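For reference, the chains in residue letters:
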Amino acid sequence: MKRFMSTTAAIAMLTTSLSGAAFAEGHGGYTLGISNTVQGNGWREEMVCAMKAQALVSGKVDALNIAHRNTDAAGQLEDIRNLIEAGVDAIVLNPANSEAVNSAIEEAIAAGIVVVAVDQAVTAEGAYVLSNNQEEYAYLGAKWLFEELGGSGDVVYMRGAAGAGADNDRDTGFKRALAEFPDINVAHEVFTGWQQDQGKQQILDYLATGLPVDGVWTSGIDNVIVDAFVESDVPLVPIVGADNAGFVGQLANMEGFTGAAVTNPGSIGGAGVTLALQVLDGEIPDSNTVHVDPSIWANNDPAGMELIAGAQNPNLDPEWPVSVMIPGWTDYSMEEIIACKGPGE
Amino acid sequence: MTRLFGKHGWVIGLAALLALLFLFTRLIQPGFGASGLDSLARATLPFAFATAAMAVVVIAGGIDLSVASMMAVAGVTAAVLMDGAGTGFSVFAVVLVLGLGLVMGAINGALIVVTKVPDIVVTLAMLFVWEGTALLILNAPGGAAAPWLRNIVVGSVIFPWLPKAFVVLLICLAVVWVPLRRSKLGLSIYAIGSNELAAYRSGVAIGRTRIAAYALCGLFAAMGGLALTSATGIGEPIPGPYLMASVAAVVLGGVVLGGGRGALLGPIVAVFILRLVRMDLTLLSVDPNITTIVEGSIMVAVVMLGGILAARARS
Numbered sequence: 000m001k002r003f004m005s006t007t008a009a010i011a012m013l014t015t016s017l018s019g020a021a022f023a024e025g026h027g028g029y030t031l032g033i034s035n036t037v038q039g040n041g042w043r044e045e046m047v048c049a050m051k052a053q054a055l056v057s058g059k060v061d062a063l064n065i066a067h068r069n070t071d072a073a074g075q076l077e078d079i080r081n082l083i084e085a086g087v088d089a090i091v092l093n094p095a096n097s098e099a100v101n102s103a104i105e106e107a108i109a110a111g112i113v114v115v116a117v118d119q120a121v122t123a124e125g126a127y128v129l130s131n132n133q134e135e136y137a138y139l140g141a142k143w144l145f146e147e148l149g150g151s152g153d154v155v156y157m158r159g160a161a162g163a164g165a166d167n168d169r170d171t172g173f174k175r176a177l178a179e180f181p182d183i184n185v186a187h188e189v190f191t192g193w194q195q196d197q198g199k200q201q202i203l204d205y206l207a208t209g210l211p212v213d214g215v216w217t218s219g220i221d222n223v224i225v226d227a228f229v230e231s232d233v234p235l236v237p238i239v240g241a242d243n244a245g246f247v248g249q250l251a252n253m254e255g256f257t258g259a260a261v262t263n264p265g266s267i268g269g270a271g272v273t274l275a276l277q278v279l280d281g282e283i284p285d286s287n288t289v290h291v292d293p294s295i296w297a298n299n300d301p302a303g304m305e306l307i308a309g310a311q312n313p314n315l316d317p318e319w320p321v322s323v324m325i326p327g328w329t330d331y332s333m334e335e336i337i338a339c340k341g342p343g344e
Numbered sequence: 000m001t002r003l004f005g006k007h008g009w010v011i012g013l014a015a016l017l018a019l020l021f022l023f024t025r026l027i028q029p030g031f032g033a034s035g036l037d038s039l040a041r042a043t044l045p046f047a048f049a050t051a052a053m054a055v056v057v058i059a060g061g062i063d064l065s066v067a068s069m070m071a072v073a074g075v076t077a078a079v080l081m082d083g084a085g086t087g088f089s090v091f092a093v094v095l096v097l098g099l100g101l102v103m104g105a106i107n108g109a110l111i112v113v114t115k116v117p118d119i120v121v122t123l124a125m126l127f128v129w130e131g132t133a134l135l136i137l138n139a140p141g142g143a144a145a146p147w148l149r150n151i152v153v154g155s156v157i158f159p160w161l162p163k164a165f166v167v168l169l170i171c172l173a174v175v176w177v178p179l180r181r182s183k184l185g186l187s188i189y190a191i192g193s194n195e196l197a198a199y200r201s202g203v204a205i206g207r208t209r210i211a212a213y214a215l216c217g218l219f220a221a222m223g224g225l226a227l228t229s230a231t232g233i234g235e236p237i238p239g240p241y242l243m244a245s246v247a248a249v250v251l252g253g254v255v256l257g258g259g260r261g262a263l264l265g266p267i268v269a270v271f272i273l274r275l276v277r278m279d280l281t282l283l284s285v286d287p288n289i290t291t292i293v294e295g296s297i298m299v300a301v302v303m304l305g306g307i308l309a310a311r312a313r314s
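Going down the list, the protein sequences come from chains A and B. Numbering follows numbering that gives the first Met the number 0, with no gaps: position 23 of the first sequence is 22. Numbering follows numbering that gives the first Met the number 0, with no gaps: position 37 of the second sequence is 36.
Derived from the structure by calculation, the hints contain no laboratory data. From a predicted model like this one, the values you see are computed outputs, not experimental measurements. All C-beta atoms in this analysis are idealised placements derived from N, C-alpha and C, irrespective of residue type, glycine included. Among the clues, some could well be false.
[What the hints assert, rightly or not] Output of the computed footprint for chain B on chain A, the stretches with three or more beta carbons under 8 Å from beta carbons of chain B: (1) 83-92; (2) 98-108; (3) 159-167; (4) 274-282.
[To be verified] Interface residues of chain A toward chain B, partial, derived using beta-carbon atoms under 7 Å: (5) 72; (6) 73; (7) 77; (8) 148; (9) 174.
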């Protein structure tokens, strides 16, 4: 036992000496905390890279403290409280949902920390919100699809993750469009869990049944759905996806494929960093909430096709959204976000 | 003294490790104090209940993969019942949810005993059943927690450094565990985990004891669900990362996966260690892609070290 204890003490000391470097960095700029609860998803990875790149180019950030893992709202409460303990100046977070992390956000604000929620809103008083309008996201794409089908037909509805706040908001938007087109029939409704492999298997299973499909609405698991049609040798139908690089490439290059991408910028993370720095510098915005509205790029519409063609970039990961910058909010270059380096890295 | 040390060596070792970690935390963050302890205790709560739930069935020689899903069912049920309800009804709701936990656990146990299908298969299937049940009750995060349930874990009692969440955890675990440990049922649970045949020949009702162990697991899982609702103020139908975390803490806490050996104290200390490691990694702003590797490595290192020490002690 004695040996056990001395070994653990040695390990602890070793860790201390290794971590000394973290404290040697110069002070003067801000320390930002970041909290995100989905890891390994292209959209979220782009969001985190946008945060890092924006913090780096701003020149005002000394260090980033990133809590980025797969967890639930209770885990995010833990992460936010740990960031408060770490003494950060501001926290930029993508909330697990709009209410569940309010208690920790309020504790952070009480401790004098600026809190900015990106992508999804939070209801905590005093927090700043920079969110993508998820209901509008679904409505725009669904409306385009139903119009494309002439107002009648069988649609496969491929949702995100059951029980997720963003999926719920998107469902509201989808149902709103559906109510405007009474002759559209939802032939099949599934949750992809926002997982590429799961979504692809689901559409392959459906196509194998031979049941009718006139169009597909996806919640951002998109390029693999197009692949599944091609692999199953089923004629392509109109498909709605997000502005992910892989899907936008298909919209630009595939013969005989009609589809539309709805923008949902992951770079909103970088915008959140900008907003946090503005507030820290005393530039308080007029409103606590800024909504970023999506737009739709259809490849059968010249204006949409121009945007699709302009967004082609072979260096982007196929799962990354192509809208890597938000004018007025982000200052980094394409190379800087792809490099994904923050201050001190 | 030596006997005491020998019997509780593992737990004492873990406690020493925890003390060292606290010291280390204080070193890297000189401001670490009452608020840090409060954050730690509140973060630990759901993990600790999940771990207690898992520990009971593992001691009985089983495993329950549906722990996190049962927590989700309990959490959303509480949030739905308490939404807009008065204090009186919300207390009733807590009792109801605890009862629901017992029932869910008993169903898991009964299915294993009656069908004789291996526990790992039955509870894996039930993981999906309870997950779906939670989504049926609440298809998106929602509902509300009663204000008293939210406040019960906020702040400190008696001393500024003694978090309420920690006291709540101790009371909830002790109320179930202490009488159980002294009862015939408690002894039977250890007996069937240690050697089922010997227990049967000694007159232990194997089936009933197993069902009771799973029911207790459900009860602790329900407490975990209530802890989640209390922390977030709403119900979340998607289960959190509590299954693997609870298995990890149980193993790290000295409960033998084959059953029959271990107790609750070790796993609970282990939960605190794992949460404190997470806090330290955040304080040190370690690359998030590395933190999980660090967490896993610490677990393997400690368990391996324990195995080596145990082997030496025997020889």
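Going down the list of hints, with the structure as the test:
Requiring three or more residues with a Cβ within less than 8 Å of a Cβ of chain B, the coverage given for the region 83-92 of chain A holds, as 4 such residues are present. Requiring three or more residues with a Cβ within less than 8 Å of a Cβ of chain B, the coverage given for the region 98-108 of chain A holds, as 5 such residues are present. Counting residues of the region 159-167 of chain A whose beta-carbon sits less than 8 Å from any beta-carbon of chain B gives 7, enough to reach three: the coverage restraint holds. Counting residues of the region 274-282 of chain A whose beta carbon lies closer than 8 Å to any beta carbon of chain B gives 0, which falls below the threshold of three, so the coverage claim is violated.
For residue 72 of chain A, the suggested interface contact is upheld, since its CB lies about 5 Å from the closest CB of chain B, less than 7 Å. Below 7 Å, beta-carbon pairs count as interface contacts, and residue 73 of chain A has one with chain B at about 5 Å; its hint therefore holds. Taking 7 Å as the C-beta cut-off, the interface hint given for residue 77 of chain A holds, the closest approach to chain B being about 4 Å. Using the Cβ-Cβ criterion of 7 Å, the hint placing residue 148 of chain A at the interface with chain B is not satisfied: the shortest such distance is roughly 27 Å.
The closest approach between the C-beta of residue 174 of chain A and any C-beta of chain B is roughly 13 Å, which is over the 7 Å cut-off, so the hint fails.
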